[in-house]
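Student: So the chains spell out like this:
Protein chains: 2
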Amino acid sequence: MNLASASPWHGKGLRIDVTTGVTTVAAVPPDVSRAYLGGRGLGAYMLLAERVFEIEPLAPQNPLIFAPGPLTGTGAPAAGRYSVSARSPLTGTIFDGNSGGGWGNALKHLGYDYLHVTGRCATPSYLLIGGGGSELRPAAALWGLDVPDTLARLRELHPKCEAAVIGPAGERGVLFASIVNNRGRSVGRGGLGAVMGAKNIKAIVLAGDGGWRPHPADKERFDFVVYEATKMLKSNPITSQGLPEFGTAVLVNVLNQAGALPTRNFRESVFELAEQISGETLRRDHTTKRAACRGCSIGCARRTATAGESGDGPEYETIWALGASCGIGDLTAIVEANYACNRAGMDTITTGATIACAMELTEIGALKGGPRFGDASAMRELVDAVASRDGFGDELAQGSLRFAAAHGHPELAMQVKGLELPAYDPRGMKGQGLAYATSNRGGCHLRANMLYPEILGIPKMIDRFATLGKAGLLINMQNLACVLDSLSLCKFTALAMKEDYYARLLSAVSGETVEPQELLRIGERIWTVERLFNLAAGFSAVDDTLPPRLLNEPVAAGPAKGHVVDLAPMLAEYYICRGWNAAGVPSRPKLEALGVAGLAEAAGVEAQ
Amino acid sequence: MNLASASPWHGKGLRIDVTTGVTTVAAVPPDVSRAYLGGRGLGAYMLLAERVFEIEPLAPQNPLIFAPGPLTGTGAPAAGRYSVSARSPLTGTIFDGNSGGGWGNALKHLGYDYLHVTGRCATPSYLLIGGGGSELRPAAALWGLDVPDTLARLRELHPKCEAAVIGPAGERGVLFASIVNNRGRSVGRGGLGAVMGAKNIKAIVLAGDGGWRPHPADKERFDFVVYEATKMLKSNPITSQGLPEFGTAVLVNVLNQAGALPTRNFRESVFELAEQISGETLRRDHTTKRAACRGCSIGCARRTATAGESGDGPEYETIWALGASCGIGDLTAIVEANYACNRAGMDTITTGATIACAMELTEIGALKGGPRFGDASAMRELVDAVASRDGFGDELAQGSLRFAAAHGHPELAMQVKGLELPAYDPRGMKGQGLAYATSNRGGCHLRANMLYPEILGIPKMIDRFATLGKAGLLINMQNLACVLDSLSLCKFTALAMKEDYYARLLSAVSGETVEPQELLRIGERIWTVERLFNLAAGFSAVDDTLPPRLLNEPVAAGPAKGHVVDLAPMLAEYYICRGWNAAGVPSRPKLEALGVAGLAEAAGVEAQ
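The listed protein sequences correspond, in order, to chains V and G.
By the working numbering, the letter at position 141 of the first sequence is numbered 141, and the numbering carries on one by one without gaps.
By the working numbering, the letter at position 75 of the second sequence is numbered 1075, and the numbering carries on one by one without gaps.
Hints are computed from structural coordinates only; laboratory data are not their basis.
For glycine and all other residues, C-beta sits at the position ideal for the given N, C-alpha and C.
One thing to keep in mind: the hints can contain errors.
[To be verified] Calculated lysine to any residue pairs in the SDA-like style (CA-CA distance at most 25 Å, straight line):
no., chain 1, residue 1, chain 2, residue 2
1, V, Lys231, G, Lys1231
2, G, Lys1289, G, Gly1308
3, V, Lys234, G, Leu1456
4, V, Lys498, G, Met1232
5, V, Lys12, V, Gly75
6, G, Lys1219, G, Lys1234
7, G, Lys1561, V, Asp500
8, G, Lys1234, V, Pro237
9, G, Lys1234, V, Gly75
[Stated by the list, open to error] If we take Cβ atoms under 7 Å as the criterion, some of the chain G residues that face chain V in the derived model are:
no., residue
10, Leu1157
11, Thr1467
12, Leu1468
13, Ile1475
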């Protein structure tokens, strides 16, 4: 496959140093496009090649790399996403997140495959990029505004613009601040909003249209594959009915019934008030209408309202983090806390999980006067305090690991590599424990979610309580996620579409045959490059672990009763299947097979 | 789940000793039904519990167990199959095969969940079972007739009967003789037809209708799940179009393009004449119409014709065995040789593979005056000679391993545990090598076919050249195959349906909730019982291997060039994931978890 020259998506990037205002347009070498696709893969490659592992996350030199993918803007279904990559201030690892909405398409329509931002503005500014060029504009009048107000004001200043912005949390350096575009579409996790805030950049505004449009090399074939893919999305029961009808919140009851709904900071795995905060209750009491990202036929999003407010979400993870995780069964309080997080621009998972951690510290007496499990009004107030870094909220703004460590109990932070675990108790689905431990951005369900095979039976049902035999499937899922994040496609498409379709879409766009197997090897390469970054940044096999509670404290009641995660044998199997040595370092033959031995050498990573 | 008493499919079996004519009706204990479902699982349980591992396969005491499954006859889609289980004379392992058509439904309509036949008739006989009872009838007038004539004659004698018969190959003890019902539906592999022949039984005829009908406990729910399942089969691209349109023969070009079409006794993995014997060519030159098993909406079968004859098939495996495997590109000769195998009642895979082995022995000078690769008329003549055991055919009738060993080259028999490998070169799809080596009935693609994930990307695409990380998926597929063979459902349904649907069908039939995870554990139990049988019969880890060619001779040309199967690490991973020790013996805790420790002990199998 050759993504260069003749290809309509030969790479071109815009590099801006906001300290000096120097702007450069750089080509993406064809071999880089071929090897990393775009989006997350392109970001990972640049972060490693540029030795960002040596740079402090909040230093000006930490680049924020915005990148859509080779399918963005082509009309391929659910392909309108973009990735943001940087070193994370929350985890210290390589990090990327992605978001839907219209921003990715807009960058592509300006002719760019990536935007690379370094430096620090002397005063609050926003970056305006249009067909004619780019410039930094003062943002004094925007600074301090919440996300919806910022977006609204920018639309007034630049009609029809697309903007990716930070809220007060990002301005104030909350370590889990997000970057938000459109209404409620976020690059949520890992504090990339704090990186943007540290650069004194309030928004990146794409105004006007460069007029550039991707042209699939084989338009007829492309249209046919899109037609087929859309048909599959519209006939698959989950993408045509399950997600549009119920959204992700339907998982509350599913996980609770499986005994895998972490409750009260993972003390329990069944929540007695689950029904009150379920997707079914949300639908009955709060949902006003469905919504979708641009170019998506699935439409898993929804608009909601309470007596006093309206807004987007909450998604399943949010309901869990601000609900079951805190022992809270008051759905209205959860919905309103979710709105508050969205306004402030902060990750709901880390927000809720950090509050839950504080609640446990209070319960055990390690924190005086802190919040208690089940106290919805304390939770609601703390969300605002974190966003504004007022009082106790200032401490929580560091995330659970730093907070719990400061109070003498780092083991009570339910995190991996500093990123708070999401809404699945791995003692009830063992493979998810391996997924958390090996995720290269920390405790996360988006590098690979064993929910699908372990609970939902997609693409195959596997025994959720089994320990061995899962590494191969997990690796396959991790590699595929790399591909989807680099094509900048929504992961939900994988519920209805197979690797084959992604390969056919890419073949039609590039005009050259891309085999499904080749895509998986690209995914493996991206995963390996991310691992190399983390190894170069000082992470090692020691960090591929779980909070001690999940390893040592058997679940006390419910369907997962008596279970812990037996991680060691799973991890050993995982390293072997990855072609890594027992210290978790990729072997030389593996690096050579993936064509990244030179990158590893340059980063100083070598297998013993 | 409770399959007993109130359940419409509480077990009842008919046991016949044909030496004495003694007939017994026995109940299937509810705990056995719950643990083994029916079909293959029930057969495996009985063969182990009855210590058949101590019995010579062609001895009268080796039972032939015919068993439909709990869904047979209910109207569930593609659920009309039945299994036949026995110790195989070809492999010495536990063995089962299954077949579609109407025979399984007919046994169920007589009220039986299994038929267990032991002994040996003094003279050729057939077993007639009707609503009123069963009897042995003389078969002197049938003995010597080929399969179609036998079936036709029996239909004259017993209008509307369903009959499972053997042809001349079974009568004469060809070690790979099959049992055939309806037109061209066979229990093909492992020589179960020779077991029937050794009992002097020409046919098992089900005449009349006992009037018994399965009644799903929850009819409304059952109908809804059947409606949904049928919709899935009819909307899935492969089950609704691929298989009905092209049949399995479409795989000739697919495997050839992947460099995994074994050619000339696995000397090569690309066949230069593949196009001439492809599914597309078959369709153009020979196919007259499509066909289906009873109650199946897929319809993968087809009727064909040559200038002189007409008949059923050939399927992909047959085209390969009598074609590429022998270096033969003459499709008409292949189609006619297939008809000859069907008439004689012999497994086409072993027939073709054994002839291919003879061809290689001739090429290397180990066999004087034998057939040569590419000689279609020699192949065609040898098929008849094998069936009649005339001259040289008598030697070939033992299968490739005994034949090649007799000529000093056992390593040139392309088999595992005595069963000839089917149409997939594992050097181009490494996981298939592990599937062959661990299959508990020998070299086979029906215990689990890595074609799906390694070539077709179903349910997930995996790297076909990778060695590690595949054991977990393979085990899952092996366990699921146990479930499908025990429910007596066609495996092709799994292309469109998930474990979930099987669980829901079974729940509706039994009236009790069966979880998908529980089904997988039943599958694991059945697989383990089969392993215990083989261990008790004297097989060990040493037998979990491949022909040396596949381990040591790199493919010389084509897409798999340079590859061999690196089996040892895959096998080690497999044993670990199975919970077996390094000698391939299930650990005590695993046996206990599956509830088969007592069976293992009784069989004298114990892990060190």
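Student: Now, for every hint given, state plainly whether the structure supports it.
Tutor: Here is how each hint holds up against the structure:
1. Between the alpha carbons of Lys231 (chain V) and Lys1231 (chain G) the distance comes to roughly 15 Å, so the proposed pair stays at or under 25 Å and holds.
2. Distance check on the hinted pair: Lys1289 (chain G) and Gly1308 (chain G) sit about 17 Å apart at the alpha-carbon level, within 25 Å; holds.
3. In summary, the hint linking Lys234 (chain V) to Leu1456 (chain G) is supported, as the alpha carbons are separated by about 22 Å, within the 25 Å threshold.
4. The suggested pairing of Lys498 (chain V) with Met1232 (chain G) holds, with an alpha-carbon distance near 16 Å, which does not exceed 25 Å.
5. Of the supplied pair hints, the one linking Lys12 (chain V) and Gly75 (chain V) holds, its CA atoms being roughly 20 Å apart against a limit of 25 Å.
6. About 22 Å separates the Cα atoms of Lys1219 (chain G) and Lys1234 (chain G), which keeps this hinted pair within 25 Å; it holds.
7. With a C-alpha separation of about 23 Å, the suggested pairing of Lys1561 (chain G) with Asp500 (chain V) holds against the 25 Å cut-off.
8. Between the alpha carbons of Lys1234 (chain G) and Pro237 (chain V) the distance comes to roughly 14 Å, so the proposed pair stays at or under 25 Å and holds.
9. Restraint check for Lys1234 (chain G) and Gly75 (chain V): not satisfied, since their Cα atoms lie roughly 28 Å apart, outside the 25 Å limit.
10. The criterion of a C-beta within 7 Å of any C-beta in chain V is not met by Leu1157 (chain G), whose closest approach is roughly 47 Å, and the hint is violated.
11. Taking 7 Å as the C-beta cut-off, the interface hint given for Thr1467 (chain G) is violated, the closest approach to chain V being about 9 Å.
12. For Leu1468 (chain G), the interface hint holds, the least distance from its beta-carbon to any beta-carbon of chain V being 4 Å, beneath 7 Å.
13. Because the closest C-beta pair between Ile1475 (chain G) and chain V is about 6 Å apart, less than 7 Å, the hint holds.
Checked against the numbered hints given earlier, this structure breaks hints 9, 10, 11; the rest are met.
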